[in-house]
Amino acid sequence: MITSAHLASLTDPRSPVSRYLRDPGGAVHSLLDGLGHAVLAWGPVAGPSLAAVVTGLFAARAWWRSRCRRTLASGARLVEILPPPAADPNGAAALWSNLVGVLRPAWRRRLTGQPHLAWEYVFDRETIRIRIWVPGVIPPGMVERAIEAAWPGAHTKTTAVPPLTAAPDPVAVGGELRLARSEALPIRTDFPADPIRALLGAPAGLGGGEKAVVQVLARPVTGRRMTSARRAARHLRVGHAGSPAARLLDLLTPGPHRSPRRRITATVLDRQTTLENAAEDRVIIAKQRGTPFETRIRYAVFTTTAPDAAVRQATEDSLRGRAHAIASAFAGFTEHNYYRRTRLRRPLIPLGERRLDKGDLLSIPELAVLAHLPWDEAIPALQRAGARAVPPPPGVATSGPGVRPIGVTDTGNPRPVGLRIPDARHHLHILGATGSGKSELMARMILDDAEAGRGVVVVDPKGDLVTDILMRLPEELAGKVVLFDADDRTRPPILNLLEGDDPARIVDNLVSIFSRIYASSWGPRTDDILRAGLLTLRAMPGTPVLTDLPKLLLNAAFRQRALEHVHDDVLRGFWTWYEHLSEPSRAQATAPLMNKIRGLLLRPFVRSAIAGGPSTVDMDDVLNGGICMVRIAKDALGAETAHLIGSIIVARTWQAATRRASLPQSQRRDASLYIDEAHNFLNLPYAMEDMLAEARGYRLSMTLAHQYLRQLPRELEEGISANARTKVFFNASPEDARHLARHTEPRLTAHDLSNLDAFHVVVRPVVNGAEAPPFTALTQPLQPAIPGRARLIRTAARQNAAPRTVGAVQLGKGTGSADPRRRPATPDLAEDVA
Numbered sequence: 001m002i003t004s005a006h007l008a009s010l011t012d013p014r015s016p017v018s019r020y021l022r023d024p025g026g027a028v029h030s031l032l033d034g035l036g037h038a039v040l041a042w043g044p045v046a047g048p049s050l051a052a053v054v055t056g057l058f059a060a061r062a063w064w065r066s067r068c069r070r071t072l073a074s075g076a077r078l079v080e081i082l083p084p085p086a087a088d089p090n091g092a093a094a095l096w097s098n099l100v101g102v103l104r105p106a107w108r109r110r111l112t113g114q115p116h117l118a119w120e121y122v123f124d125r126e127t128i129r130i131r132i133w134v135p136g137v138i139p140p141g142m143v144e145r146a147i148e149a150a151w152p153g154a155h156t157k158t159t160a161v162p163p164l165t166a167a168p169d170p171v172a173v174g175g176e177l178r179l180a181r182s183e184a185l186p187i188r189t190d191f192p193a194d195p196i197r198a199l200l201g202a203p204a205g206l207g208g209g210e211k212a213v214v215q216v217l218a219r220p221v222t223g224r225r226m227t228s229a230r231r232a233a234r235h236l237r238v239g240h241a242g243s244p245a246a247r248l249l250d251l252l253t254p255g256p257h258r259s260p261r262r263r264i265t266a267t268v269l270d271r272q273t274t275l276e277n278a279a280e281d282r283v284i285i286a287k288q289r290g291t292p293f294e295t296r297i298r299y300a301v302f303t304t305t306a307p308d309a310a311v312r313q314a315t316e317d318s319l320r321g322r323a324h325a326i327a328s329a330f331a332g333f334t335e336h337n338y339y340r341r342t343r344l345r346r347p348l349i350p351l352g353e354r355r356l357d358k359g360d361l362l363s364i365p366e367l368a369v370l371a372h373l374p375w376d377e378a379i380p381a382l383q384r385a386g387a388r389a390v391p392p393p394p395g396v397a398t399s400g401p402g403v404r405p406i407g408v409t410d411t412g413n414p415r416p417v418g419l420r421i422p423d424a425r426h427h428l429h430i431l432g433a434t435g436s437g438k439s440e441l442m443a444r445m446i447l448d449d450a451e452a453g454r455g456v457v458v459v460d461p462k463g464d465l466v467t468d469i470l471m472r473l474p475e476e477l478a479g480k481v482v483l484f485d486a487d488d489r490t491r492p493p494i495l496n497l498l499e500g501d502d503p504a505r506i507v508d509n510l511v512s513i514f515s516r517i518y519a520s521s522w523g524p525r526t527d528d529i530l531r532a533g534l535l536t537l538r539a540m541p542g543t544p545v546l547t548d549l550p551k552l553l554l555n556a557a558f559r560q561r562a563l564e565h566v567h568d569d570v571l572r573g574f575w576t577w578y579e580h581l582s583e584p585s586r587a588q589a590t591a592p593l594m595n596k597i598r599g600l601l602l603r604p605f606v607r608s609a610i611a612g613g614p615s616t617v618d619m620d621d622v623l624n625g626g627i628c629m630v631r632i633a634k635d636a637l638g639a640e641t642a643h644l645i646g647s648i649i650v651a652r653t654w655q656a657a658t659r660r661a662s663l664p665q666s667q668r669r670d671a672s673l674y675i676d677e678a679h680n681f682l683n684l685p686y687a688m689e690d691m692l693a694e695a696r697g698y699r700l701s702m703t704l705a706h707q708y709l710r711q712l713p714r715e716l717e718e719g720i721s722a723n724a725r726t727k728v729f730f731n732a733s734p735e736d737a738r739h740l741a742r743h744t745e746p747r748l749t750a751h752d753l754s755n756l757d758a759f760h761v762v763v764r765p766v767v768n769g770a771e772a773p774p775f776t777a778l779t780q781p782l783q784p785a786i787p788g789r790a791r792l793i794r795t796a797a798r799q800n801a802a803p804r805t806v807g808a809v810q811l812g813k814g815t816g817s818a819d820p821r822r823r824p825a826t827p828d829l830a831e832d833v834a
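Counting in full-length UniProt numbering, the sequence shown runs from 1 upward without gaps.
Possibly wrong hints are sitting among the right ones.
[Said to hold, decoys possible] Taking lysine-lysine and the DSBU-like style, the derived pairs with C-alpha atoms no more than 30 Å apart in a straight line are:
id : residue 1 : residue 2
1  : K596      : K551
2  : K596      : K462
3  : K462      : K480
4  : K634      : K480
5  : K462      : K634
I should point out that these hints are in silico values taken from the structure, not numbers from a laboratory.
Since we're looking at a predicted model, the values are computed, not measured.
Can you make the complete structure from the sequences, with help from the hints?
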């Protein structure tokens, strides 16, 4: 509403409005003259003050930006990405959409700046690596989890940020790529093949000490940056006449004019130009959807060593050619927009700082075609992740006194995972190639069992497993250790094969073990002679020992004294038949057995350990909290003898476990039997499936480890597959992986099982008595060895296994008195050799 005061101001000839309406030019000139006089009057005072204020503002802004950059760089890290065997082309869009989450609130962006990321392709002579530089202000694990979610099966490894090169004066050639047209126009995003294929091939053939880096720096933007981008899109269509400066000039110089949009609309355009404008309008609108990223692309090719002055120019020319090839690889992204190259004088400085000031706006699809994992499956120089990382299912134990450790998860925040002791009673099957980490895993489990007071029996055919345990076993457990070591020259503990309360069962077990070990040369007559000889030795008074068997078969006088104690008619009938044989016939009948018995007893360790007199080891005590370790390296005993001794230890452990049947369940303490190279020591008279099924009731958990499936006979393989319910698979051969994948599919395939890294396992656990889905984990290394600990434990083990002497009679643990008429089976020379 116009009032009388308004009308008075318009009609007053002295008012500025009236003067401007009557004479616009004169009013403007009068205003400029007044400003000139004010400047002349106040300039000497106001000018320096204004300059100081402006300089201070610029300095404060520069300081603030430098502070923000230092804040972002502090604690920065590099996340190296190992691509899966086949990368999903849509994974990059999913990754960058997820990373929009690093966008900060407006007040915080103004205060500390907006963090950015740097996607990097790093090339050297032999490898291509892909990594992301992450500022320290971004929470740990956020980017790693986003990568693993975008590309299932990808692995990440986070490290500190190293310098690009340690050379004091390297030769470096590089540049920067910027959009040549308005950022409102997009680059090409639709490709039938991998768009970075040319980029990955451009640095091929780098020389020794040469390196190339391509960085795509990106940060999500919003607010005023997006507003300016939309304004740029409008100006692209209406021209510069619609700019704020043009509108201000129109106000200062009024006159008849038409709006730029109306003028362009009135212009007659040819059909091709109209179609081009329409196409640009569509892509501009499409690019403005979603949250864009502000980006810059830098690249450099440099030497990691300072070259000689004589070849410096030639080196620089060579690197310049490779740098041009890298820049040219981005020509494939040309469509409505394209990249132009700008040279960087000292490229290693901006690449090392990873600084992102003002950049070009790209949509998520545009950024995804620039920064993604290669789609091609055959890139020789690119290291890929072996197996996908799968998190453990709910209910898997972490750690605690009742949990046997397995390792730590390789997804999310690493946390320990293990197997509850009640679930461990369902037995554990470990399979993996040599050097994959089986021994370290078993050693950690054994040490945990020993420290928790659970009984442990370990059969080690190589020797390294027992050695690792001896060097780390707590000192307070030394009094529980029983050690059989074939490489030790001192007298070993004694585990007499013929002792026990059930002679028939003991003899059956021993004959069965012999027949399985020597199956290729074993016949019914050999079986009959061994069985009759052992039963006869058991009938004699005192402690029976295996060294008496050759005397029984070859010495008529000794045989006659033994038969005085035999009252079984069937057994006496065998010896009647034997006595009626001629000497040549008798020698022919016993020769197959005697060559095996002699080959066994001619080894001092074996003769002392299994035929040295009364037993000094009580396996019942071992299962109730003791530690028995059997180190029987094949090179010390021979393969067949090592298999025989190990099988005997396993059989005696099983006999001790079955004796628990007379105890209530609450009084049966948990115990564990660990067998490395298990296929060599399961030559038992029991069906493996029955043994595994019954052992759980006796609270004996068995851990069976070996290298590949063909080591197991068919029946044994099926028994272990069905009854050792917890599976731990290290790297397996492709043939084994196809069979083992039946336990892990669909979460983990045969490819995953055959491409596991060292110390990387697939676990299919039993949780609360039920089979749970498989997951992946990393086994942990053993603690450092304790100097002198192995020597201390060995000394204590010798004392633990020493026979007790009562008067002149030697007594073993839990055995009857020895026959004083018998001579010691072990020569005195081997008794005290250190």
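Hints versus structure:
A threshold of 30 Å between alpha carbons decides the hint, and for K596 with K551 the separation of about 15 Å falls inside it, so the pair holds. Restraint check for K596 and K462: the C-alpha separation of about 23 Å stays at or below 30 Å, so the hint holds. For a cut-off of 30 Å, the pair hint linking K462 to K480 stands: about 23 Å separates their Cα positions. Among the hinted pairs, K634 with K480 is consistent with the structure: their alpha-carbon atoms are about 26 Å apart, no more than 30 Å.
At roughly 7 Å between alpha-carbon atoms, K462 and K634 fall within 30 Å of each other, so this suggested pair holds.
In this structure, every one of the numbered hints holds.
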